[in-house]
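Asks: Keeping the supplied structure of chain A fixed, place chains B and C upon it in accordance with the hints.
Order-wise, the sequence lines are chains A, B and C. full-length UniProt numbering numbers the first residue of the first sequence as 1 and each following residue consecutively. full-length UniProt numbering numbers the first residue of the second sequence as 1 and each following residue consecutively. full-length UniProt numbering numbers the first residue of the third sequence as 1 and each following residue consecutively.
Calculated directly from the structure, the hints in this document are not laboratory data. There's no promise every hint is true.
Quick list of simulated restraints, FRET-style, between CB atoms [what the hints assert, rightly or not]: (1) C:H312 with B:R121: 33 to 41 Å; (2) C:P288 with B:H198: 54 to 62 Å; (3) C:N15 with B:F62: 56 to 64 Å; (4) C:Q272 with B:H198: 13 to 21 Å; (5) A:D137 with B:M117: 45 to 53 Å; (6) C:R282 with B:L99: 18 to 26 Å; (7) C:R282 with B:E144: 20 to 28 Å; (8) A:Y167 with B:L278: 51 to 59 Å.
Computed from a predicted structure; not experimentally measured. All C-beta atoms, glycine included, are put in the ideal place defined by N, C-alpha and C.
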Amino acid sequence: MSNSYLSPYSRFFQSDLTIGLRHHPVAFVSLVIFAILCLLAAFAPLLAPFDPFDTTQIDILNSERPPFWAEGAEPAFLFGTDDQGRDMWSIMLYGLRLSLIIGLGAVLVQTLIGVSIGLISGYVGGRVDSLLMRLADIQLSFSTLMIAIVFLALTQVVGGRAFFAQYAPFLLIVIIGLAEWPQYARTVRATVLAEKQKEYVDAARIMGFGPVRIMVRHILPNSLASIFVISTIQIANAIIAEASLSFLGLGMPIAYPSLGSLIASGFDYLFSGSWWITTLPALLLVVLILVVNLLGDWLRDSIAPQHVPEAG
Amino acid sequence: MALLSVQNLNVKFGGPFGAITAVNNVSFELQKGERLGIVGESGAGKSITGFAMMNLLNAPGFIDRGKVLFDGQDMVRLNERQLRKIRGNRMAMIFQDPLVTLNPVLTIGQQMVETLMAHRRLRQDEAEFIAIQKLREVYISAPESRLGQYPHELSGGMRQRVIIAIALLLDPDLIIADEPTTALDVTTQADILELLLHLCMANNVGLILITHDLGVVCQLTERVMVMYAGEVVETGKTREVINDPQHPYTQGLISALPQQTLPGTPLKSIAGYMPSLLSLPEGCPFHPRCAYASPECTRERPSLVQYRDASVACHEVNRLHQETLVE
Amino acid sequence: MNDVVQNRPLVDVKNLHMQFELHHRGPGSLGLRSRKNYVHAVNDVSFSIDQGEAFCLVGESGCGKSTIARLITGLERPTSGEIHFDGQRVDQLSRGEQRPLRKRMQMIFQNPYASLNPRMTVDEALVEPLKHHFPDYSPQDIQQRKTDIMRSVGIDQTWSDRYPDAFSGGQRQRIAIARALTVDPEFMIADEPISALDASIQAQILNLMLEARAERGITYLFIAHDLNVVQHFATRVAVLYLGSICEISSTRTLFERPKHPYTRALLSAIPQLKDDKPKYIRLRGERPTPLAPPTGCPFESRCHFATNRCRHERPRPMRQPDGSTVACHAVEEDRLDD
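So here's chain A without its partners, still in its complex pose (with noise of 0.2 Å):
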């Protein structure tokens, strides 16, 4: 018997991942990335230098400013300014917020959802599990894009533009989250039948427990392993689903820019040589879903093998 057994936390961030990390430049350097990029979306309203989203602090004339290092650049302007005269620091500042918030909130309602169903599929089996799998097959033969487009196209017309200015984050975070709930489902299905079979889960049935303590308690905690791996990519599938539909004009309005909408609005005055409204967003929106799925492809190599010895 060793002595030298650290509490369970202090393991999972001491040794294993962060010995990972250690390893692991790419991921390591991802993080801190990503990191730096929560924290700028986060703070937005204090690191940027004007609020977009204030008429009186826009003036026209300022518009089509090239970045800094271009020639005819306004310092004042660190990236220079879209078509309108504002800012692209500020607005990329806020477009990441944006585009963050709803790839998370999304994230949050697939997961919501998706476990749910993947626990209750997976667990009780039989007829419910046909049932609601099925339902999974049927919402993935749907493309995420086709619903989003279909919906939110109906919500523009039946509600009028105002509203859908106001509601737009939430109706997209909705609508992604609904539509692709199924991979959660699947993969915690996936999970919990592996699970199921474990003694421990017997164990917990002979010891009188009910299918919700033994589903929650037991089986749950069992499967955050493959959920946080699958929520890695949810999160970058989720700020891609989000600029596409702001790229077509069905996302978030160019007035409260997502990154999506920005690379969109700047899309016309590519050839016209201001380059930057479109490249810079989509930069960042490139780093943003690089960094993600560079650190799910890390997770995944670190925890999803899980490294139980076995009997024998």
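Replies: For chains B and C alone, coordinates are given in the frame of chain A:
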């Protein structure tokens, strides 16, 4: 010259907390046709010793020090190509789980022919002929039809027979069997043990049997080596070690068996648990669980010394023996 | 040890059958064609366990011994047959109706690496059943009870806040036994509780179970394949082959005078330390698949004494003069050479 001579073998595992010694200073010899048992509990280093003899350790494991002389050649120093000539050809290995060892998508015949043709210049029909012959040697009925079967179509005992046949394909000089019957039922185990014994004796093949089961060792081997926490604690003729064990650990292991005590009465268990290789105690690795431990045992690591017919790594072996005599 | 109170049996199993539906996909059919097959896991098994006994089910893998355990605990429902616990029929109860039984009947599993929830500390694992089954206990009562149990099974107090992966197999099995003892059961099913453990640890766990039997009067249904362990632990033994019982007899009778040809082969196959090992009786052929069990005696295809009658007629369990029950035509006809 001995067929296999292991000298001061040290195997380590690199890890985040520094290297762990999994096998510590193991030396032994095996003559041609001799059958040696390596006994120990999980974590004793017995399987790792087996893999090290083939130079088959996977990272992070590595041979830190020592020689493994097989027929005069040091397995540790050979390159991958030279090793391949020996592995499977002159030295074969049988594993615990037959389902994992056989490739599930290839037929028995394909796997046997592949092994043969990798080592010898043979035509397909010649290879098949040898394969059938070997299957017959392990008492598989209708071997011709078995060649076309997939592993999952065979029972556990039959699969282990096929694996033994594959191990014998190239007429090796040495078979290393790592818990060959642990996954099998009692009656199947008895069949396989009988078969292994018969084949080794008939073909003068050396056998290194790695197991935790003293009964199996007793039945199959001439000499036995008892390992604990990566070290050899006792080695000698199997019969003598079992009937008259010298090391306190070997004694404990044997007297802990249920058949050594009257039914229904408490068994003589060894107190405590096997130490983790990460935090081995100072001195003799067994001293925290040993009833005879003296201050010397907590300080100094005992080395193997000749005691009667056996070699024992214990400081207290003399005192121990006197006490048992008094009793 | 054998001062058994003779009244009604604690557990009574009558004509138990269990068939599992199997969706078999042939390798040649690309998984498209699916046949319905039934695995006959348990075939007409009857036995009873008296208070205070250590009743043992012995058999090789796939003989249905674990299935019988799962049926008795209510993890599965039998296809047909009856299970009575302390006079009450228990095989058709709903989860709510089973609840009072949970305190009386517990189980220890084979693989201590899977039978503990990896995300629960030792403390949580022991407190959870106490809270669930004794809602009127105060937190002090629960702590007291937990500490008592931990002490009685040899769990160090310092283990409390650790997760199962900090422990070796033997230590985990102690924790699993402690968890089963929290509700103070009178009947314990132990499904190969020591076969995954190291030799020096096996004795510790077996001693612990013997202690629990002596001190708490626990009745055991012990499932094992290691006959040495069975001989040591059991008071009565049932030998299973292919889902049917071959022989039930007291441990001493079984090991001294085994009757059924399968029991004899099984006993002769144990690797022994002694030199005077009985000659191993090699069985012919292979075990038939439980998908299509033979209509006659299940052991007929491998038995050296099989006759035409064995091929067609299923032998019924017959009471023998020495108290054992044997299902074998050859024994019945006195054809076995002793």
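Asks: Run every hint past the structure and note whether it holds.
Replies: Structure-based check of all given hints:
1. C:H312 with B:R121: 33 to 41 Å: Check failed, 55 Å falls outside 33 to 41 Å.
2. C:P288 with B:H198: 54 to 62 Å: violated (27 Å)
3. C:N15 with B:F62: 56 to 64 Å: holds (60 Å)
4. C:Q272 with B:H198: 13 to 21 Å: For C:Q272 and B:H198 the Cβ distance comes to about 18 Å; the hint holds.
5. A:D137 with B:M117: 45 to 53 Å: holds (47 Å)
6. C:R282 with B:L99: 18 to 26 Å: holds (24 Å)
7. C:R282 with B:E144: 20 to 28 Å: This hint holds: roughly 24 Å between Cβ atoms.
8. A:Y167 with B:L278: 51 to 59 Å: holds (57 Å)
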